[in-house]
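Hints are included, so try docking the two chains, each in its own frame, into the full complex.
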Amino acid sequence: MAYNIVVLAKQVPDTKAVTGKAMNDDGTVNRSALPAIFNPEDLNALELALQIKDDNPGTKITMMTMGLPSACEVLRQGMYRGADRMILVTDRRAAASDTLATSYILSCAVKKLGKVDMVICGRQAIDGDTAQVGPQCAEKLDIPQITYVQELLDLKDQTITIKRSVGAGWEKVQCQLPVVLTVLDTANIPRPVAARKMMKFKKAHSAMELAKADKADLADALKAKGLLIEEWNLDHIEADLQWCGRDGSPTKVNRIQSVVLAASGHKKIEPTEQGLRDMIHELIEDHTIG
Amino acid sequence: MKKRKYKMIEVNRQGEVWVFAEQYEGSLGEVPLELLGRGRLLADKLGVKLSAVLAGNKVDTLVDELAAFGAEKIYHVENTDLAHYQTISYTKVLCQLIEKHKPQIVLFGATAIGRDLAPRIASKMRCGLTADCTDLQIEDFTEPRTKEVHSNLLQQIRPAFGGNIIATIINYDRWPQMATVREGVMPMPERNENAKAEVVKETVSISPEDLAIKILEQHREAKKVNLKASRIIVAGGAGVGSKEGFKHIWDLANALGGVPAASRAAVDLGFIDHDYQVGQTGTTVRPALYIAVGISGAIQHTAGMSDSAKVVAINCDPDAPIFGVANFGIVGDYTQVIPKLIKAIREKA
Ligand SMILES: Cc1cc2nc3c(=O)[nH]c(=O)nc-3n(C[C@H](O)[C@H](O)[C@H](O)COP(=O)(O)OP(=O)(O)OC[C@H]3O[C@@H](n4cnc5c(N)ncnc54)[C@H](O)[C@@H]3O)c2cc1C
Ligand SMILES: Cc1cc2nc3c(=O)[nH]c(=O)nc-3n(C[C@H](O)[C@H](O)[C@H](O)COP(=O)(O)OP(=O)(O)OC[C@H]3O[C@@H](n4cnc5c(N)ncnc54)[C@H](O)[C@@H]3O)c2cc1C
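Residue numbers (numbering that gives the first Met the number 0), protein chains in the order written: chain H, 0 to 289; chain V, 0 to 348.
Because the hints were derived from the structure by calculation, they are not lab data.
No farther apart than 20 Å at their CA atoms in a straight line, the calculated lysine to any residue pairs in the SDA-like style are these:
id : chain 1 : residue 1 : chain 2 : residue 2
1  : V       : LYS213    : H       : LEU152
2  : H       : LYS15     : V       : GLY161
3  : H       : LYS201    : H       : PRO191
Here are some of the chain V residues that sit facing chain H, going by a computed Cβ distance under 7 Å:
id : residue
4  : ARG119
5  : SER122
6  : LYS123
7  : THR167
8  : ILE214
9  : GLU220
10 : LYS222
11 : GLY331
12 : VAL336
For glycine and all other residues, C-beta sits at the position ideal for the given N, C-alpha and C.
Here chain V stands alone, though its shape is the one from the complex (with noise of 0.2 Å):
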C-alpha cells in the first residue's frame, strides 16, 4: 500500500462546520441530525456554513432529510464501492474533502462507525480529536504562558477517568477541529421540511487496497426500546432485588405511559436486557421525568440521566448519592412505595 500525504490544515477562519452524515443501508438515524443541530449553533456563532458530508451508493435520497435537519451545503459523494462501511476507503473520501475545503469544525457521532474513523482521519491529517464529547462551546482561549489569544475556538467538553471527570480540550494549531460526539446528548433539531441545501457533489476513486477488509456478514439489531425518545422513564437498579421485582417497575412505567430502564448492575444481574441501561455505558436520556428505584447513583449512571426535566428518587438509603440529583426523594422499601404511588396515579387519571 502506498501512503498518501495529505496537507496539514492551518487555522482557517472562513472555514465551514461539518457533520459527517453517518448513514447505514440508505438511513441516516438520530446521531447526524442531533449533530446537525449543535451544528447549527456553532456555525451562527462562527458565521460560517454548516454543511454535511453524505458518502454511500444510493443515498440522494438522504439529501433532503439533511437540509430539512438544517444543512445549508451537502458535499455528496456517490460510489458503488462505498455502499458499505470500511475504515479505509471512507478515511479517503473525508481526508481529500477535508484537503480540498478546509473546514474548521468536523463532528463525528461516537458510535462504533465514528469512533473506527475518525481516528484514523485525524492520524492521516495529523490533527486533534477529542472523543466522546457531551458539549461543544465556542470562546477565546488565551495561552497561559504567551498570553496569545486564540479567539472562537472550538470546547470540546468530555467525561474522562471513567466519567469522575470533565475536561475541556482545545486545538489551536493544527486544524480542523474534530470531535466525537456522544449519541443522544445533543437535542434533536426541529424539522424543516422547506428548508433546501446547496448540493456539491464530489467523486472519490477507490482502488481495491482501499477496501482491504472483506465484510463476510452484517447483522443490526434493532434496539428493544426507544429510550432516548421516551417522556417519562422508570429505571430500576440492583435494590430491586430481582427480576420477579422488577416487575413493578414495569407496572408504574405501564401506569404512567413511559417506559422501564435500568442501571448497569440490574443489566449485570440479568433484571433486564442491556438495552434498557441507562448510563455512561448505555443510553443518555434526558425524559420529562425520570424515576430511579433501588439505585444508588453512582457517576456512571447520573452520568447518563442527569439532564432529566424531573428525577424523583426511590430509595431505602436516606444517605444514596442518588437523592442528590432528585427534584423529589422518597425514602422507603420501593415494594411498599410503587404500589402506592401506583394507586395514587389511577386516582388522578
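Same shape as in the complex, but just chain H (with noise of 0.2 Å):
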C-alpha cells in the first residue's frame, strides 16, 4: 500500500560545538557563530520514513521545515537521500512562536496536503530541546501519537504496530492511521546521501532564496524542473494569526544565562600515600564518608 508521509524537519544549530566564541558577553547564544545542520533525530525520522518507502511503493515522502530561507538545505538534504516534495514554511510573523505556535503552523500547513497517514517527527530538537512539537502536532491534527519510537514492527494497510521505548523498559503498542511518531536516535541509522539524487537536487532553490542571490528570473525554469521549494506563509496555510508568533506563545523567556562553572577553587591533593591518607582524614571528619 502507498502511504503519505511528511516528515518534520528543524535546522538547527550545531549546540554540541558550542565553544565561548559562541557565546555573547551578555549569556545569550551567537547562533551566527555556529554551523546550522539537519537536526540529528530528524534524520532518524526521515529513515524511518524512507523505509517505510522502501517497502511500500508509491509512498510519497513530504519534508516539512518551518524556518527562516536558510532552512531549505535539510529540505534538500531530504530529497538527497530519496524524499520527494519540499515545502518551506515561512513567515516574519512566525517568528518567536514557542511549541505551542510552532505546531500550531506546522499543524495549519500539514492539514493543507490533504491527506496524510503518518507525520513522523524527531524525538526532540538540539536546540530548544523540549521535545513537545511533535505531541502538539498530534494533538492540533486531532490525532494520536506514538512518542519514542524505537522500531517499526509491522505496518499493514490502515493498522502500524510500534516498538517503544518507556525510560526503564519498552512496549508494543498498535493504532489505526493516521498517526503522528516522534522517533529515537536508536531507531536506526540515517543512510548517506545518494550520489545522483544530490547532483540534480542541489540545484533546488525557493523563490526567497533566489531573490536573495539577484536570481528571481530562475524561477519558472527551475518550477518545470521540479526544482523550485515550495515556500508557504501564514496565509497560505490559514493560520490564524492570534495562534502565531509571539502573540500565540504563552511562554516567554525572562532570562537566559550560559553555563558558567562555578570554578570555586579546589584543593590539590598530592597523589601520594600520605597526601591521600590526609585527604580521606579530612572526609571522614566532616562525616563525608565514615
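Right under this line is the structure:
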C-alpha cells in the first residue's frame, strides 16, 4: 500500500560545537557562530519514512520545515536521501513562536496537504530541547501520537505496530492511521545521501533564496524541472494569527544565562600516600564518609 | 473523532498548585514525591493548597502515600479504562479537571509518560509548557516594554541548547503555568505518616476513541542500580581506558560502601551499562561524595553531578574542566592513585 508521509525537520545550530566564541557577553548564544545542521533525530525520522517507502512502493514523502529561507538546506538534504517534495513554511509573523505556536503553524501546513497517513518527527530538537512539538502537532491534528519510537514492527493497510521505549523498558503498541510518530536516535542509522540525487537537487531553491541571490528570474525554469522549493506563508496555510508568533506563545523567556562552571577553587591533593591519607582523614572528619 | 474545546484558563491567584501523580501498575515511584516536595514550597509561598491528581484503576492505596509526602488535597479518578497510561485518555482526565478547578500551576515529571502527556494537555488547553525544568521559583516579573508587574509568577528554570544555557521561562497570560521537571533534581520531602489529605472523587467517562492505542505488550526493566539513592558515587570516564580498568572503579566504590557510575563516553565504550550513566541524558545525582575518575568534565556530565556535596576529581590532565567543579583535585594516573586511596581508606577504617 502506498502512504502519504510528512517528515517534519528542523534546522538547528550545532549545539555540540558550542565554544566560548559562540556565547555573547550577555549570556545569549550567538547562533551565527555555529554551523546550521539538520536536527540529528530528524534524520532518524526521515530514515524511518524512507524505510516505509522502500517497502511500500508509491509512498510519497514530503519534507516540511518551518524556519528562515536558509532552512531550505534540510529540505534539499531530505531529497538527496529519497524524499519527494519540499515545503518551506516561512513568515516573519511566525518569529518567536514557542512550541504551542510552532505546532499550530506546522499542523495548519500539514492540513493543507490533504490526506496524510503519517507525520514523522524527531523526538527532540537539540536547540530548544523540549520534545514537545511532535505531541502538540498530534493534538492539533486531532490524531493519536506514538512517542519514543524505537522500531517499526509492522505496517499493514491502516494498522501500524511500533515498539517504543519508555525509559526503563519498552512497550509494543498498535493503532490505526493517521498517526504522529516521534523517533529516537537509536531507532536506525540514517542512510547517506545518494550522489545522483544530490547532483539533481542541489540546484533546488526557494523563491526567497533566489531573490536573495539576485536570481529571481530563474524561478520559472526551476519550477518546470520540479526544483522550485514551495514556500508557504501564514496566509497560504490559513493560520489564525492570534495563535502564531509572539502573540500565540504563552511561554516567554525571562532570562538566559550561559553555563559558567562555578570555579570555586579546589584543594590540590598530592597523589602520594600521605596526601591521600590526609584527604581521607578530612572526609571522615566532616562525616562525608565513614 | 470529535474535537472537544476546553475553556482557556485565565490568571487565577487563588488557584492551587497541582502535581500529576504518575503511577505505573499501582506504584508511584519517586518522581511525584519529588514534585510534592518542591510543590510544597511553591504553595506555601503563594498561600494556596498543594494538590495531587491521581488517576488509574484501583489506585486508592496511593492516597495515603501522597498525603504522607505533602499533598493536602487529592483529586482521585478511578476508571477501569485508566488501568494503563494512554495519551488521549489521560489528557482528557487532566483537561477536564484543569478546566473545572483552574489550578495556577501544574507539574509533571519529565519522564517518558510526563513528556508524552503534558504537551498534549498544554496544546488542548492552549497554555504554555516549559520542558525539563531543573529549578522552580516564585518571583515577580516586570514586562520590560510596558513596565507592567506580574506578581508571583512561576519561574521555570531549564537548561537548553544542549545544556549550554540556562533559560528562565514564564507565562503570565494563559494559565495554568505548566512544567515538566527533570527526575532526581528536587530533593525528596520527608515522609509524615500522620498527614491526612482531603480526597475529592471525580469521574471522567472514557469512550473507545479515547483509547486509540492498543497496548500489546509492556515490559519494565528494574534499574540495575539506584544512583539517586546513593550517598557515595565513584564515576569512571573514557580515561579509565578499558572494561578491565573499570575494575578499579568498582573496587574503590566497594571500599567506600558506594556505587560505581560513569560518563556517557565510558558507557558508549561499553565499560559499563547505561543505567550507570550520570548527566544530562543519564541520571542526576546529588550524593555526599562524588569521585570523578578519568572524566574530563563536559557540561553534559557536570549537569548531572554538580550538586554533589563534595567532589573529588582524579585526572592526569591538570587543565581538565572537571577540576572546576571539584573540592579536591588529584592530578595523576588513576591506576596509581586508586590503589593508594583504597589503602588509605582501609587504614582508617
Ligand atoms: C532557550 C530556549 C528555551 C525554550 N524553552 C521552551 C519551553 O520550555 N517551552 C516552549 O514551549 N518553547 C520553548 N522554547 C521555544 C522552542 O524552542 C521553539 O518553539 C521551537 O520552535 C520548537 O521547539 P524545540 O526546538 O524544542 O523542538 P522539539 O519539540 O524538541 O522538536 C521535536 C520535533 O518537532 C519537529 N520540529 C520542531 N520544530 C520544527 C520546525 N521549526 N520545523 C519543522 N519541524 C520541527 C522536528 O521533527 C523535531 O525533531 C525555547 C526556546 C529557547 C531558545
Ligand atoms: C546532547 C548530549 C547529551 C550528553 N549527555 C551526557 C550525559 O548524560 N553524561 C555524560 O557523561 N556525557 C554526556 N554527553 C557527552 C559529553 O559531552 C562528553 O562527551 C562526555 O561526558 C565525555 O566523557 P569523559 O569525560 O569520560 O571522556 P573524555 O572527555 O574523553 O575525558 C577523558 C578524561 O580522562 C582523562 N584521563 C585519561 N587517561 C587517564 C588516566 N590514566 N588517569 C586519569 N585520567 C585520565 C583525560 O585527561 C580526560 O580528561 C552528552 C553529549 C551531548 C551532545
